[in-house]
Amino acid sequence: MLPEFVWDASVLEGNPFTFPEVKTLLDGVTIGGRKVSDQEQVLNLAESSKHLLALAKAGKFSLDKATFTELNGLVARNEALEWGHFRGEGNETNYTPDVGLGEHGRYTPLATVAGATELNRVFANGLQALQGEVRQPFEKAAAFFLFGALQQFFFDGNKRTSRFMMNGILMSAGIDAISVPAAKVQEFNENMVRFYLEKDATEMMAFLIDCHPDAEQIHKVDSGHSAESDTNRTGLL
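34 is the number that this note's numbering gives to position 21 of the sequence shown; each next residue is one higher, with no gaps.
Rather than coming from a laboratory, the hints here were simulated on the basis of the structure.
Among the hints, erroneous ones may be present.
Pairwise CB distance ranges, derived in the manner of DEER restraints [to be verified]:
| id | residue 1 | residue 2 | range |
| --- | --- | --- | --- |
| 1 | Lys78 | Asn107 | 21 to 27 angstroms |
| 2 | Pro226 | Glu26 | 21 to 27 angstroms |
| 3 | His117 | Pro150 | 31 to 37 angstroms |
| 4 | Glu92 | Gly118 | 20 to 26 angstroms |
| 5 | Pro194 | Ala127 | 36 to 42 angstroms |
| 6 | Thr121 | Pro226 | 31 to 37 angstroms |
| 7 | Glu92 | Gly145 | 31 to 37 angstroms |
Calculated cross-link-like contacts (lysine-lysine; reagent style BS3-like; alpha-carbon spacing at most 25 angstroms) [to be verified]:
| id | residue 1 | residue 2 |
| --- | --- | --- |
| 8 | Lys48 | Lys36 |
| 9 | Lys48 | Lys70 |
| 10 | Lys153 | Lys197 |
| 11 | Lys197 | Lys78 |
| 12 | Lys78 | Lys153 |
| 13 | Lys73 | Lys63 |
| 14 | Lys197 | Lys63 |
| 15 | Lys63 | Lys36 |
| 16 | Lys63 | Lys153 |
| 17 | Lys73 | Lys153 |
| 18 | Lys153 | Lys70 |
| 19 | Lys78 | Lys36 |
All values derive from a computational prediction rather than experimental measurement.
Glycine included, every Cβ here is placed at the ideal spot set by N, Cα and C.
Sequences and hints are given; from them, build the entire structure.
Right, here's the structure in full:
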């Protein structure tokens, strides 16, 4: 399953590695004609996946900043401007990254400021809202992914790191992880653009459920409870 999961995640990043190439690389054989940066991204995804699985199996996964930054340190290593800490907590305190939305322009998150005081406040408040107000484990997991993607706590790897956190929440609750299939990359990107524009979790929540192997069962569990309701009400997004 690891090669499939890593390949799906790499396709979402626009990585050109094919599935057979990912399998070969994970077997320890380098691929000729590919950029070192693309190869490293694949290897980082594999290492992050293994680390997350080890945490979950040992019961050591925590929904906290330490785990979040630790995973980013693996996901974005040698790819981001800085990795493993929030924007503003390292040497770079002026550059604020943004997210391209195609014809809709760009989404700009909170500014990078020395010490990351505001980012830490937003993160702490978001965690409190998730823990106190979002009841369903699946919704809590998906909401964290959207929260991390929206706030852009890191210089790069935000969606990847937040998806790992999402899966850590799921696995810790005894629920299988989500892998967004490579075949759904266009749908994922289009839904995320609308999410950045509207800050409404409804569409992405439904999309993530449909990506889960137990989608039908999750829909049954959520019958009578709107999957997006708690998240939208919290003001988390």
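Hint check:
no.	hint	verdict
1	Lys78 - Asn107: 21 to 27 angstroms	holds (22 angstroms)
2	Pro226 - Glu26: 21 to 27 angstroms	holds (22 angstroms)
3	His117 - Pro150: 31 to 37 angstroms	holds (32 angstroms)
4	Glu92 - Gly118: 20 to 26 angstroms	holds (24 angstroms)
5	Pro194 - Ala127: 36 to 42 angstroms	holds (41 angstroms)
6	Thr121 - Pro226: 31 to 37 angstroms	holds (36 angstroms)
7	Glu92 - Gly145: 31 to 37 angstroms	holds (34 angstroms)
8	Lys48 - Lys36	holds (17 angstroms)
9	Lys48 - Lys70	violated (34 angstroms)
10	Lys153 - Lys197	holds (22 angstroms)
11	Lys197 - Lys78	violated (30 angstroms)
12	Lys78 - Lys153	holds (16 angstroms)
13	Lys73 - Lys63	holds (14 angstroms)
14	Lys197 - Lys63	holds (24 angstroms)
15	Lys63 - Lys36	holds (15 angstroms)
16	Lys63 - Lys153	holds (22 angstroms)
17	Lys73 - Lys153	holds (18 angstroms)
18	Lys153 - Lys70	holds (20 angstroms)
19	Lys78 - Lys36	violated (32 angstroms)
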